[in-house]
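Visitor: Sequence order for the protein chains is A and B. Using this note's numbering, you'd call the opening residue of the first sequence number 167 and step up by one each time. Using this note's numbering, you'd call the opening residue of the second sequence number 167 and step up by one each time.
Be a bit skeptical, because a hint or two may be false.
Claimed, not checked - Lysine-lysine pairs mimicking DSS-like chemistry, simulated, CA-CA at most 30 Å apart:
1. K325/A / K169/B
2. K172/A / K376/A
3. K232/B / K173/B
4. K214/A / K325/B
5. K380/B / K376/A
6. K173/B / K325/A
7. K376/A / K356/A
8. K173/B / K376/B
9. K173/A / K318/B
10. K380/B / K172/B
11. K214/B / K380/B
12. K318/A / K318/B
13. K318/A / K214/A
14. K356/A / K218/A
15. K318/A / K325/B
16. K325/A / K331/B
17. K176/B / K376/B
18. K318/B / K356/B
19. K176/A / K169/B
20. K331/A / K325/B
21. K172/B / K325/A
22. K331/B / K331/A
23. K325/A / K218/A
24. K325/A / K214/B
25. K232/A / K218/A
26. K380/A / K214/B
27. K176/B / K318/A
28. K376/A / K173/A
29. K318/A / K169/B
30. K172/A / K380/A
31. K325/A / K232/A
32. K331/B / K169/B
33. K232/A / K383/A
34. K346/B / K331/A
35. K173/B / K318/A
Stated by the list, open to error - Across the chosen pairs, the derived CB separations fall in these ranges:
36. N175/B / F351/A: 31 to 37 Å
37. K325/B / N386/A: 53 to 59 Å
38. E300/A / V287/B: 25 to 31 Å
39. K325/B / K218/A: 29 to 35 Å
40. N175/B / N386/A: 39 to 45 Å
Simulated from the structure, these hints should not be mistaken for lab results. Note that the structure is predicted; figures quoted are calculated from it, not measured. Note that the Cβ used here is the ideal one computed from N, Cα and C, for glycine as well.
Protein chains: 2
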Amino acid sequence: MCKIRKKYNKSVVLVSGGMDSCITATIASNESEQIAFLHANYGQRTEKRELKAFYDIADFLNVNEKLILDFTHLSIIGGSSLTDFSIEVPEADLESKGIPNSYVPFRNANILSAAVSWSEVIEADAIYIGAVEEDSSGYPDCRRSFYDAFEKIIDEGTKPQTIIKIETPLINMNKSEIVKLGFQFNSPIKLSWSCYRNEDIPCGNCDSCKLREKGFKSANFIDPIIK
Amino acid sequence: MCKIRKKYNKSVVLVSGGMDSCITATIASNESEQIAFLHANYGQRTEKRELKAFYDIADFLNVNEKLILDFTHLSIIGGSSLTDFSIEVPEADLESKGIPNSYVPFRNANILSAAVSWSEVIEADAIYIGAVEEDSSGYPDCRRSFYDAFEKIIDEGTKPQTIIKIETPLINMNKSEIVKLGFQFNSPIKLSWSCYRNEDIPCGNCDSCKLREKGFKSANFIDPIIK
Chain A
167 MCKIRKKYNK SVVLVSGGMD SCITATIASN ESEQIAFLHA NYGQRTEKRE
217 LKAFYDIADF LNVNEKLILD FTHLSIIGGS SLTDFSIEVP EADLESKGIP
267 NSYVPFRNAN ILSAAVSWSE VIEADAIYIG AVEEDSSGYP DCRRSFYDAF
317 EKIIDEGTKP QTIIKIETPL INMNKSEIVK LGFQFNSPIK LSWSCYRNED
367 IPCGNCDSCK LREKGFKSAN FIDPIIK
Chain B
167 MCKIRKKYNK SVVLVSGGMD SCITATIASN ESEQIAFLHA NYGQRTEKRE
217 LKAFYDIADF LNVNEKLILD FTHLSIIGGS SLTDFSIEVP EADLESKGIP
267 NSYVPFRNAN ILSAAVSWSE VIEADAIYIG AVEEDSSGYP DCRRSFYDAF
317 EKIIDEGTKP QTIIKIETPL INMNKSEIVK LGFQFNSPIK LSWSCYRNED
367 IPCGNCDSCK LREKGFKSAN FIDPIIK
């Protein structure tokens with residue numbers, strides 16, 4: 167019996183600990199010979215709980231290579247309700263077309279840049295990120311065109327022999343499709359954490375909780391973190 | 167008498183404390199109504215001395231808005247002799263065409279991403295960086311094509327109303343032209359620091375010292391930091 171060669175030799179997965187990153191990690195694990203997990207601590211309110219989710223998902227997927235990076239400079243720069251505690255996290259408004267105040271300016275570029283640095287050192291050939299374009303509160307750095315442009319700066323700004331693709335398997339899905347995909351891949355969704363406000367019981371009212379709830383409802387599944 | 171409007175309203179200048187960033191800051195100051203200084207501490211050997219240079223140059227140019235960001239995650243990632251102290255900083259080899267081991271993987275993308283985050287918060291419309299393509303040891307993220315690609319991810323990844331240009335006034339110059347330009351603009355070159363190894367007296371033998379020495383020699387100036 168011959169072994170089928172996977173798409174990538176080694177992939178770095180950006181794992182916040184949320185549901186999208188949990189499912190993305192499961193997909194990356196299927197598509198890569200090895201995976202490595204990167205978690206960005208950027209001074210967010212629920213960092214401790216997210217970190218627990220990160221380690222739980224890593225254990226479930228047998229990930230040895232893990233890196234926690236301190237991006238607290240993003241909270242020093244401020245400008246977001248997720249990191250600047252003087253700005254309140256608003257109640258959900260899923261109909262709003264504007265950019266919410268939980269937007270951390272250019273956050274994903276900061277995290278991706280570090281992921282590229284690490285990938286170049288550990289010789290990973292792909293970076294997986296669970297960004298979602300349609301369903302993710304209108305953050306401007308969650309669009310595929312942003313990642314296409316980012317692949318160009320990787321080509322320009324790294325060693326000639328370095329080739330790193332950015333994989334965004336969920337980018338064109340809505341939360342309902344993501345939930346279904348997660349169950350299809352046996353992703354450990356019950357280990358993930360989405361709430362922007364609380365660390366014990368999900369508040370149920372922030373954008374992130376509401377999106378998750380909506381996703382489970384329309385997919386006709388029960389969220390395993392709700393007891 | 168009418169006041170001539172400058173090119174930018176507010177510019178963020180990346181100031182390492184080296185000669186190139188010192189001269190770039192002087193140019194930015196001429197072209198902008200206001201300037202703000204950003205310094206990246208990424209765990210480099212000579213950080214303390216560079217930071218002193220940063221503050222000295224800021225004082226000279228009357229810069230009030232200053233931000234020091236901790237990028238020590240770049241030293242955690244490692245892979246460079248500038249941040250990984252188990253790798254020795256090599257003697258200069260200005261003829262080498264390869265990428266030297268002082269290359270910090272994707273460093274400028276990490277620093278620029280944070281600069282964009284800060285610029286978006288403080289409403290700056292330009293970022294100045296003293297990158298030099300021809301004369302800068304072959305770092306792959308010191309080429310104009312890299313910055314052109316980076317402007318594209320700023321367009322893609324920030325709020326629709328955010329417009330931030332990346333200015334690289336020295337990019338096509340050699341060190342001799344940079345030295346001449348510095349004197350022409352009365353840049354406080356004597357306050358800058360270039361040595362990769364020492365914090366008291368420049369070693370005179372690392373790439374950075376050798377490039378600086380070569381620049382002053384061919385420009386026919388005496389380096390004011392050499393006593």
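Visitor: Run every hint past the structure and note whether it holds.
Guide: Right, here's what the structure says about each hint:
1. For the suggested pair K325/A and K169/B, the alpha carbons sit about 46 Å apart, so the restraint of at most 30 Å is broken.
2. Between the alpha carbons of K172/A and K376/A the distance comes to roughly 36 Å, so the proposed pair goes past 30 Å and is violated.
3. At most 30 Å may separate the alpha-carbon atoms for a hinted pair to count; K232/B and K173/B meet this at roughly 21 Å.
4. A threshold of 30 Å between alpha carbons decides the hint, and for K214/A with K325/B the separation of about 29 Å falls inside it, so the pair holds.
5. Distance restraint check for K380/B and K376/A: the Cα-Cα separation of roughly 62 Å exceeds the 30 Å cut-off, and the hinted pair is therefore not satisfied.
6. With a C-alpha separation of about 34 Å, the suggested pairing of K173/B with K325/A is violated against the 30 Å cut-off.
7. Proposed proximity of K376/A and K356/A is supported: the alpha carbons are some 17 Å apart, at most 30 Å.
8. Using a Cα cut-off of 30 Å, the hinted pair K173/B and K376/B is violated, with the two alpha carbons roughly 34 Å apart.
9. This hinted pair checks out: K173/A and K318/B have alpha carbons roughly 28 Å apart, not beyond 30 Å.
10. At roughly 34 Å between alpha-carbon atoms, K380/B and K172/B are farther apart than 30 Å, so this suggested pair is violated.
11. A threshold of 30 Å between alpha carbons decides the hint, and for K214/B with K380/B the separation of about 25 Å falls inside it, so the pair holds.
12. Distance check on the hinted pair: K318/A and K318/B sit about 9 Å apart at the alpha-carbon level, within 30 Å; holds.
13. Restraint check for K318/A and K214/A: the C-alpha separation of about 34 Å exceeds 30 Å, so the hint is violated.
14. Note on K356/A and K218/A: the hinted pairing holds, with a Cα-Cα distance of about 12 Å set against a maximum of 30 Å.
15. Of the pairs offered as hints, the one joining K318/A and K325/B holds, with about 21 Å between alpha carbons and a cut-off of 30 Å not exceeded.
16. Between the alpha carbons of K325/A and K331/B the distance comes to roughly 25 Å, so the proposed pair stays at or under 30 Å and holds.
17. Taken as a hint, the K176/B and K376/B pair is broken in the structure, with Cα atoms around 34 Å apart against an allowance of 30 Å.
18. Note on K318/B and K356/B: the hinted pairing is violated, with a Cα-Cα distance of about 36 Å set against a maximum of 30 Å.
19. For the proposed pair K176/A and K169/B, the alpha carbon gap of about 58 Å is over 30 Å, so the pair is violated.
20. Straight-line distance between C-alpha atoms of K331/A and K325/B comes to about 25 Å, which keeps the hinted pair within the 30 Å bound.
21. Distance restraint check for K172/B and K325/A: the Cα-Cα separation of roughly 37 Å exceeds the 30 Å cut-off, and the hinted pair is therefore not satisfied.
22. A hinted pair counts as satisfied when its Cα atoms are at most 30 Å apart, and K331/B with K331/A qualifies at roughly 26 Å.
23. Simply put, K325/A and K218/A have alpha-carbon atoms about 35 Å apart, too far for the 30 Å limit, and the pair is violated.
24. The suggested pairing of K325/A with K214/B holds, with an alpha-carbon distance near 29 Å, which does not exceed 30 Å.
25. Note on K232/A and K218/A: the hinted pairing holds, with a Cα-Cα distance of about 13 Å set against a maximum of 30 Å.
26. At roughly 52 Å between alpha-carbon atoms, K380/A and K214/B are farther apart than 30 Å, so this suggested pair is violated.
27. Distance restraint check for K176/B and K318/A: the Cα-Cα separation of roughly 28 Å lies within the 30 Å cut-off, and the hinted pair is therefore satisfied.
28. Proximity of K376/A to K173/A is assessed by CA-CA distance (about 34 Å); at most 30 Å being required, the pair is judged violated.
29. Annotation: proposed proximity of K318/A to K169/B is violated, straight-line Cα distance about 41 Å (limit 30 Å).
30. For the hint linking K172/A to K380/A, the alpha-carbon distance of about 34 Å lies beyond 30 Å, and the restraint is violated.
31. Using a Cα cut-off of 30 Å, the hinted pair K325/A and K232/A holds, with the two alpha carbons roughly 23 Å apart.
32. Of the pairs offered as hints, the one joining K331/B and K169/B holds, with about 23 Å between alpha carbons and a cut-off of 30 Å not exceeded.
33. Proposed proximity of K232/A and K383/A is contradicted: the alpha carbons are some 33 Å apart, above 30 Å.
34. With a C-alpha separation of about 42 Å, the suggested pair K346/B and K331/A falls outside the 30 Å cut-off, and the hint is violated.
35. A C-alpha spacing of about 28 Å is found between K173/B and K318/A, which places the hinted pair at or below 30 Å, so the restraint holds.
36. At roughly 49 Å, the beta carbons of N175/B and F351/A sit outside the given window of 31 to 37 Å.
37. Checked against the given bound of 53 to 59 Å, the beta carbons of K325/B and N386/A, roughly 36 Å apart, lie outside it.
38. With their beta carbons about 27 Å apart, E300/A and V287/B fall inside the hinted range of 25 to 31 Å.
39. A hinted range of 29 to 35 Å for the beta carbons of K325/B and K218/A is consistent with their spacing of about 32 Å.
40. For the pair N175/B and N386/A, the supplied restraint of 39 to 45 Å is violated, since their beta-carbon distance comes to about 53 Å.
The structure fails hints 1, 2, 5, 6, 8, 10, 13, 17, 18, 19, 21, 23, 26, 28, 29, 30, 33, 34, 36, 37, 40 (numbered hints given earlier, in ascending order).
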